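S.K.: So the protein sequences, as listed, match chains A and B. For the first sequence, my numbering assigns the number 611 to the initial residue and increments by one for each residue that follows. For the second sequence, my numbering assigns the number 206 to the initial residue and increments by one for each residue that follows.
Just so you know, not all the hints are guaranteed correct.
Simulated crosslink set (DSBU-like; lysine-lysine; CA at most 35 angstroms straight-line) [as the list claims (entries may be wrong)]:
id : chain 1 : residue 1 : chain 2 : residue 2
1  : B       : 676       : B       : 552
2  : A       : 723       : B       : 374
3  : B       : 374       : A       : 628
4  : B       : 660       : A       : 761
5  : A       : 720       : B       : 631
6  : A       : 761       : B       : 527
7  : B       : 676       : A       : 761
8  : A       : 728       : B       : 558
9  : A       : 746       : B       : 281
10 : B       : 617       : B       : 573
11 : A       : 624       : B       : 573
12 : A       : 720       : B       : 660
13 : B       : 660       : A       : 746
14 : A       : 720       : B       : 676
15 : A       : 635       : A       : 615
16 : B       : 348       : B       : 374
17 : A       : 728       : A       : 746
18 : A       : 723       : B       : 281
19 : B       : 631       : A       : 624
20 : B       : 283       : B       : 573
21 : A       : 728       : B       : 660
22 : A       : 746       : B       : 586
23 : B       : 527       : B       : 552
24 : B       : 374       : A       : 746
25 : B       : 484       : B       : 660
Keep in mind the hints are simulated off the structure, nothing from the lab. Every value quoted in this text rests on a predicted model; they were computed, and no experiment measured them.
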Amino acid sequence: MITIKDLHASIEGKPILKGLNLTVKAGEIHAIMGPNGAGKSTLASVLAGREEYEITQGDVNFNGVDLLPLSVEERAREGLFLAFQYPVEIPGVSNINFLRTALNEIREHKGEKGISAKDFMSLVREKSALVELDSKLASRSVNEGFSGGEKKRNEIFQMAMLNPILSILDETDSGLDIDALRIVANGVNQLKTDQNATIIITHYQRLLDYIIPDFVHVLYDGKIVKSGGKDLALELEEKGYDWIKNNTPN
Amino acid sequence: MANYTEDDLAKELKDQEYKFGFVSDIDTDTIPIGLNEDIVRLISSKKEEPQWMLDYRLNALAIWSTMNEPSWAHVKYKKPDFQSIAYYSAPKQTKKYESWDDVDPEMKATMTKLGISMEEQQRLTGVAVDFVMDSVSVATSFKEKLGELGIIFCSFSDAVQNHPELVKKYMGSVVPTQDNYYATLNAAVFTDGSFCYIPKGVRCPMELSTYFRINAGGTGQFERTLVIADEGSYVSYLEGCTAPQRDENQLHAAVVELIALENAEIKYSTVQNWYPGDKNGLGGIFNFVTKRGVCEKNAKISWTQVETGSAVTWKYPSCILKGDNSVGEFYSVAVTNNYQQADTGTKMIHLGKNTKSTIISKGISAGKSQNSYRGLVQIHKNAHNARNFSQCDSLLMSSECGAHTFPYIECKNSSAKIEHEATTSKIGEDQLFYCKQRGISEEKAIGLIVNGYCKEVLNQLPMEFAVEAQKLLTISLEGSVG
Chain A
611 MITIKDLHAS
621 IEGKPILKGL
631 NLTVKAGEIH
641 AIMGPNGAGK
651 STLASVLAGR
661 EEYEITQGDV
671 NFNGVDLLPL
681 SVEERAREGL
691 FLAFQYPVEI
701 PGVSNINFLR
711 TALNEIREHK
721 GEKGISAKDF
731 MSLVREKSAL
741 VELDSKLASR
751 SVNEGFSGGE
761 KKRNEIFQMA
771 MLNPILSILD
781 ETDSGLDIDA
791 LRIVANGVNQ
801 LKTDQNATII
811 ITHYQRLLDY
821 IIPDFVHVLY
831 DGKIVKSGGK
841 DLALELEEKG
851 YDWIKNNTPN
Chain B
206 MANYTEDDLA
216 KELKDQEYKF
226 GFVSDIDTDT
236 IPIGLNEDIV
246 RLISSKKEEP
256 QWMLDYRLNA
266 LAIWSTMNEP
276 SWAHVKYKKP
286 DFQSIAYYSA
296 PKQTKKYESW
306 DDVDPEMKAT
316 MTKLGISMEE
326 QQRLTGVAVD
336 FVMDSVSVAT
346 SFKEKLGELG
356 IIFCSFSDAV
366 QNHPELVKKY
376 MGSVVPTQDN
386 YYATLNAAVF
396 TDGSFCYIPK
406 GVRCPMELST
416 YFRINAGGTG
426 QFERTLVIAD
436 EGSYVSYLEG
446 CTAPQRDENQ
456 LHAAVVELIA
466 LENAEIKYST
476 VQNWYPGDKN
486 GLGGIFNFVT
496 KRGVCEKNAK
506 ISWTQVETGS
516 AVTWKYPSCI
526 LKGDNSVGEF
536 YSVAVTNNYQ
546 QADTGTKMIH
556 LGKNTKSTII
566 SKGISAGKSQ
576 NSYRGLVQIH
586 KNAHNARNFS
596 QCDSLLMSSE
606 CGAHTFPYIE
616 CKNSSAKIEH
626 EATTSKIGED
636 QLFYCKQRGI
646 SEEKAIGLIV
656 NGYCKEVLNQ
666 LPMEFAVEAQ
676 KLLTISLEGS
686 VG
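Generate the whole structure from the sequences, applying the supplied hints.
M.R.: Here it is as structure tokens:
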């Protein structure tokens with residue numbers, strides 16, 4: 611699905627990722643954990659194609675395509691989805707209009723016809739139920755006036771609508787209460803197939819109580835320093851990130 | 206708007222240059238350049254006007270010659286040379302059009318190109334159109350059907366001939382001859398425009414619309430519009446405008462007067478798309494327009510404007526809330542790109558008790574343009590319980606453009622409530638990134654964001670116009686984020 615090789619990236623001349631390697635296969639869920647400033651969100655931004663970051667070395671193969679030369683929207687159309695840590699508000703643009711535009715861009719890219727209004731609306735009903743999103747929110751402006759929990763659920767709703775092959779969830783658990791966390795996790799679990807994959811970026815272990823990862827990686831100082839199964843997350847939670855810091859040669 | 210999708214928008218965007226920049230090859234009858242008493246007499250005689258009309262013009266010319274061009278607006282431009290403009294240019298016609306069939310085929314082709322359909326039976330939605338090219342009104346549709354209801358919808362010249370009592374009574378009653386430099390100039394040299402009268406208690410069943418087109422070079426367009434809504438009547442009026450692409454600056458100085466008598470309502474919508482000049486600021490229309498309405502008791506006037514064109518815009522559609530309980534509204538989107546300059550806003554003059562006004566202004570500046578909102582809210586001493594709400598938002602698309610807000614408030618009654626809100630924001634890189642991450646191209650993303658930003662105003666427009674405005678906004682801002 612995605613193979614990241616020796617990825618180096620910097621922002622304003624400051625190196626953040628320093629030789630990151632990661633392979634994710636279809637059907638897998640990977641969790642990336644790490645202390646603040648380790649480069650977790652940078653990884654998400656770089657994969658999505660944010661222009662502020664400069665890639666200084668390495669390459670990324672996404673589903674047989676060289677990812678790095680692609681524009682942000684081309685990556686999205688190829689099936690890469692980023693659930694934002696801070697979803698952006700777009701006043702005056704309805705969620706529905708926004709998603710229909712996005713969905714049709716993706717379909718057009720695949721050589722498919724635009725979706726009919728009727729099919730689109732039944733898809734909205736089906737997918738909004740998945741994250742228990744009030745159908746009224748679907749017709750409101752994108753994220754405007756949404757609570758923190760509603761914004762995160764809206765991200766998963768969009769993910770369900772656009773049906774990506776690789777989803778990157780950037781700190782999706784931050785700011786969620788336990789009920790919202792369960793709803794979000796439930797949505798992600800239901801969307802899992804053997805054709806798609808998920809990368810969960812998180813600071814805390816608790817989301818992983820609800821979404822069971824196949825692999826857990828620890829990101830520290832721009833590199834993955836430790837990988838393991840889901841138990842690694844529990845071990846980290848117990849010992850704290852200092853355990854990693856103290857065991858990593860500089 | 207429901208039938209218009211983002212895909213349609215994308216198709217439109219492929220042809221994103223100013224698409225009305227063509228010139229029609231129509232023989233014109235253009236008088237010599239220059240401005241003096243003889244020219245004014247010539248215009249008046251060409252129009253076979255009665256003596257009172259000529260006197261009105263000559264008086265205006267005399268006043269104008271003592272006036273100076275105002276310089277308080279936040280715009281810079283090379284002052285027009287008023288002696289090098291031809292003040293009258295009319296498509297030549299061998300005979301007066303009796304029906305649509307008499308209209309010159311080249312003229313019909315021009316209208317088709319502009320997307321104006323005059324063929325009544327072929328229109329699904331009823332919009333009656335008055336088409337004004339250069340100095341004259343070419344054709345007006347649905348005249349007879351409207352006539353059955355007692356509605357008069359015709360060119361200004363026809364009104365002078367056929368309804369002199371209404372013209373005499375109301376012309377200059379809202380915008381007096383001496384009002385301002387350009388309005389006075391207009392009063393001297395105006396050549397045509399639209400006239401509309403809705404009788405007592407009649408709700409006009411269709412949108413009335415005037416389409417202004419400048420075609421000939423070296424000329425200006427000076428038209429007058431007069432809309433009178435008699436007691437208890439309602440009318441929705443639309444105005445559209447385009448001009449050919451030329452290196453010279455052409456002057457458009459119009460006057461619009463609205464009169465809403467007791468319990469009447471007038472909705473006046475404009476989509477202004479005059480040629481804005483090229484990317485380097487060469488050419489374009491100078492749009493110096495005076496628009497004002499007066500509301501009697503319980504009457505309402507609502508101005509909605511989408512301003513995307515013109516090199517320089519100077520325009521303040523205003524309401525005089527004379528009668529008690531009258532309501533004035535102003536909804537505006539002004540877009541400037543490249544070297545365009547706009548100084549636009551409104552005046553709400555509260556005279557009566559319980560008068561209410563709302564101002565929603567959305568400015569969008571891109572390129573190296575300058576976009577100013579200038580508004581006056583004036584509460585007079587007898588205007589008890591007057592209310593005003595103003596909201597002025599500015600959106601910046603580049604780092605070289607400017608957005609300015611000049612709100613003036615004068616309040617002489619302590620029971621008044623006045624609220625003013627203003628915001629300035631830069632189009633969010635975050636918003637764009639968010640859209641793009643969902644697979645949406647940059648152009649469509651800008652279209653979505655900008656149209657969302659203007660939604661409150663666009664919602665005020667009649668459906669057909671709203672779609673047109675939505676397209677225009679996106680086209681005007683194409684490739685302008687930076």
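S.K.: Next pair to validate is residue 728 of chain A with residue 746 of chain A; report whether the Cα-Cα distance is within 35 angstroms.
M.R.: Answer holds: residue 728 of chain A to residue 746 of chain A is near 17 angstroms, not above 35 angstroms.
S.K.: Are the Cα positions of residue 723 of chain A and residue 374 of chain B separated by 35 angstroms at most?
M.R.: 60 angstroms, violated
S.K.: Given the hinted pair residue 723 of chain A and residue 281 of chain B, is their Cα-Cα distance within 35 angstroms?
M.R.: 50 angstroms, violated
S.K.: Is the straight-line distance between the alpha-carbon of residue 676 of chain B and that of residue 552 of chain B 35 angstroms or less?
M.R.: Given pair residue 676 of chain B, residue 552 of chain B holds - Cα atoms ~28 angstroms apart, limit 35 angstroms.
S.K.: Do the alpha carbons of residue 374 of chain B and residue 746 of chain A lie within 35 angstroms of each other, as the hint requires?
M.R.: Roughly 53 angstroms separates the two Cα atoms, so the pair is violated.
S.K.: Hinted pair, alpha-carbon criterion (35 angstroms max): residue 728 of chain A, residue 558 of chain B. Please report holds or violated.
M.R.: Judged against 35 angstroms, a Cα distance of about 51 angstroms means the pair is violated.
S.K.: Would you check the hint for residue 617 of chain B and residue 573 of chain B, treating anything up to 35 angstroms between C-alpha atoms as holding?
M.R.: 39 angstroms, violated
S.K.: Below or equal to 35 angstroms on CA atoms is what counts here, so check residue 728 of chain A against residue 660 of chain B.
M.R.: 24 angstroms, holds
S.K.: Taken at face value, is the distance from the CA of residue 746 of chain A to the CA of residue 660 of chain B at most 35 angstroms?
M.R.: Holds, at roughly 19 angstroms.
S.K.: Decide if the proposed pair is consistent with the structure: residue 761 of chain A and residue 527 of chain B, CA atoms, cutoff 35 angstroms inclusive.
M.R.: 48 angstroms, violated
S.K.: Does the alpha-carbon distance linking residue 720 of chain A and residue 631 of chain B stay inside the 35 angstroms limit?
M.R.: Given that 35 angstroms is the threshold and the Cα spacing comes to 34 angstroms, the pair holds.
S.K.: Under the criterion that the straight-line Cα-Cα distance not exceed 35 angstroms, is the pair residue 348 of chain B, residue 374 of chain B satisfied?
M.R.: 23 angstroms, holds
In this structure, the earlier hints numbered 2, 3, 6, 8, 9, 10, 18, 22, 24 are contradicted, and the remaining ones agree with it.
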